[in-house]
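Chemist: Protein chains in written order, with my numbering: chain A, 1 to 393; chain B, 1 to 136.
Quick caveat, the hints were computed from the structure, so don't treat them as lab data. All C-beta atoms, glycine included, are put in the ideal place defined by N, C-alpha and C. Take the hints with a grain of salt, since some may be wrong.
To be verified - A few chain B positions that, by computed beta-carbon distances, are all more than 12 Å from chain A:
hint, residue
1, LYS53
2, SER59
3, ALA68
4, VAL81
5, ILE132
Unchecked claim - A few chain A positions that, by computed beta-carbon distances, are all more than 10 Å from chain B:
hint, residue
6, TRP28
7, GLY31
8, TYR83
9, LYS118
10, SER129
11, SER130
12, TYR169
13, GLU222
14, LYS252
15, PHE321
16, GLY328
17, VAL373
Stated by the list, open to error - As a list, the in silico DMTMM-like pairs of lysine to aspartate or glutamate whose alpha-carbon atoms are at most 20 Å apart:
hint, chain 1, residue 1, chain 2, residue 2
18, A, LYS344, A, ASP383
19, A, LYS12, B, GLU134
20, B, LYS135, A, GLU377
21, A, LYS367, A, ASP351
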Amino acid sequence: MGKKTQVYDYHKTHGNIVDYAGYDLPVWFEGIIPECKAVRTHVGIFDVSHMGRVLVEGKDAENFLDKVTTNDVSSLAVGRGQYSLLCNPGGRIIDDLTVFRLGSSKFLVVYNAGNREKDWNWLEKNRESSTAKMVDVSDDVAMFAVQGPRAGNLLRKVSHARLDEVDRYGTKDVKVAGQSCLLTRSGYTGEDGFEIYVWNASIKSPANALKVWNQLLADGGEFGIRPVGLGGRDVLRLEAGMCLYGNDIDEKTSPVEARLSWVVRLEKKEFVGKDAIQVLRDKGPSRVRAGFKMQARGIPRQGHAILFDTEPIGKVTSGSFSPTLGVGIGMGYVKPTFAKPNEKIIVRIRDKDVSAKVVKLPFYQRKSNDHVVVFGEEMGFKDFRSKYSFETS
Amino acid sequence: MKGEYSVPDGLYYTKEHEWVRVEENKCRVGVTDYAQNSLHEIVYVDLPKVGTKVAQMQSLGTVESVKAVADVYSPVSGEVVEVNDTLSDAPELVNKTPYSEGWITVIKPEDLKKDLPGLMRPEDYRSLLKEITEKK
């Protein structure tokens, strides 16, 4: 028996429960495939209340977060957020996270459920003499992700707010089902959408969280909403070329290797891991993260060897069948010379060598309501649907 | 999700949730209703090659869903003489009709008399499923 989120009763009734990071969470409700399709064509709702969330406050909060994370916190305006990393002094990744500035000296930091204790301890250790105050609100605040092309329609219906009034990684205070919530225009699926935090909704008194969850599901009916489990969440993030901590990034991986340098601000005066990251960037990494697509039948899985001809050149860190693209896709680390699009590689799936080719990441990305990018090629959503025989059932 | 799983009479079963139907001097092999239901949404079946020799309970290939992989173990020793090629384009047949169109391979057994006592009768397999589902 693991920990339970605020809307566990819903999961228990409608979903298939698995243990994830110590939580009893749904792996799927109806099935991974229809759930992924709902997010790509309509809208899906995910319970992500297991994630770690910390409020950091005080006039020293900005300095502290700037020192402990890789992205530029001082550049964040109130109501804005950013994707970022925690690194150790060796320049390796402790976790990936998002940082939102809720007030001039108040921040919300969101990180992976599996790293809650580790991250909290790391933040606490690095806070040192700083006067910034940290409060772990993970068990006091419910968090749902609402993702897909109809997410904006649903938001309008439940809150009268407009999603297009909020910039990507922007925030807005909204009321849903009478509850005060924070909305951020962010997510982990490659679709437009938002994440919503229900402030007054602890695990011990989950009534308010359930009100919001049920309202979103009920009002989402006309937009084709489906609840989505962890299985779909993992597949959707892989299709969007995003890293999963523990699979694609870990304490042996540098942001330079993971191609996450875009959230590392080496121009900042100092931050934990800066010198080591600078050294590796100047020297050049010996391996980098690359995406690939299978060219023959077979589904790549984490741990499979990647070969060039017969020479082992790396390992698969995430792999799956892509319901959206109808093909096996994966990511792994290879020597930089093999990380170029169209490079032909081999994935050793059990005892079979199956051909694959390196493709540009992300595999899939939503550009606008009627445009998507698939394997680096921008196309109309209608063309995409006919080309990938992407039926909506 | 729970409920009853189909366990037809007249077949033999393995602990790993394969079924085998003895057809004159050959054995047709597939995975059980319980197996397909546990995997859910099968998207790929890695079939063995015709001519492959297998020992009893050696892996014949895999049945895969979006996120999970399950081995298919051979209930009998022998040689693969037929594979269900339709599963290449329609792996979902394993979900829809695991005991008929969703069959995986046909094996010419080496010594059926020796292998059969190691397999389960329908009533034994039903008890096994009862045990498994009651634990959950």
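Chemist: Now tell me if each hint is right for this structure.
Modeler: Right, here's what the structure says about each hint:
Every CB of chain A lies more than 12 Å from the CB of LYS53(B), the least distance being 15 Å, so the non-interface label holds. Look at SER59(B): its CB is around 8 Å from the nearest CB on chain A, not clear of 12 Å, so calling it non-interface is violated. Its beta-carbon lying about 9 Å from the closest one in chain A, ALA68(B) breaks the requirement of being farther than 12 Å from that chain. Taking the minimum C-beta to C-beta distance to chain A, about 21 Å, the non-interface status of VAL81(B) holds against the 12 Å cut.
The claim that ILE132(B) lies off the interface holds: its Cβ sits roughly 15 Å from the closest Cβ of chain A, which is beyond the 12 Å cut-off. In this structure TRP28(A) is not separated from chain B by more than 10 Å, as the shortest Cβ-Cβ distance comes to only about 7 Å. Distance check on GLY31(A): its Cβ comes as close as 5 Å (rounded) to a Cβ of chain B, failing to clear the 10 Å threshold; non-interface status is violated. Non-interface call for TYR83(A) relative to chain B: holds, since the shortest CB-CB distance, roughly 25 Å, exceeds 10 Å.
Distance check on LYS118(A): its Cβ is at least 25 Å (rounded) from any Cβ of chain B, clearing the 10 Å threshold; non-interface status holds. Its beta-carbon lying about 46 Å from the closest one in chain B, SER129(A) satisfies the requirement of being farther than 10 Å from that chain. In this structure SER130(A) is separated from chain B by more than 10 Å, as the shortest Cβ-Cβ distance comes to about 42 Å. Look at TYR169(A): its CB is around 29 Å from the nearest CB on chain B, clear of 10 Å, so calling it non-interface holds up.
Annotated as non-interface, GLU222(A) keeps its C-beta farther than 10 Å from every C-beta of chain B; the closest such distance is 26 Å. The claim that LYS252(A) is not at the interface with chain B holds, since no C-beta of that chain comes within 10 Å of its own (minimum 24 Å). Not every CB of chain B is more than 10 Å from the CB of PHE321(A) (nearest about 5 Å), against its label as outside the interface. Listed as outside the interface, GLY328(A) is inconsistent with that label: its C-beta sits roughly 8 Å from the nearest C-beta of chain B, within the 10 Å cut-off.
The beta carbon of VAL373(A) is kept farther than 10 Å from every beta carbon of chain B, the shortest such distance being approximately 22 Å. Among the hinted pairs, LYS344(A) with ASP383(A) is inconsistent with the structure: their alpha-carbon atoms are about 27 Å apart, more than 20 Å. Only pairs whose Cα atoms come within 20 Å are accepted, and LYS12(A) paired with GLU134(B) is accepted, the gap being roughly 17 Å. Between LYS135(B) and GLU377(A) the alpha-carbon distance is near 49 Å, which puts this suggested pair outside the 20 Å criterion.
Restraint check: the Cα-Cα separation between LYS367(A) and ASP351(A) comes to about 39 Å, which exceeds 20 Å; the hinted pair is violated.
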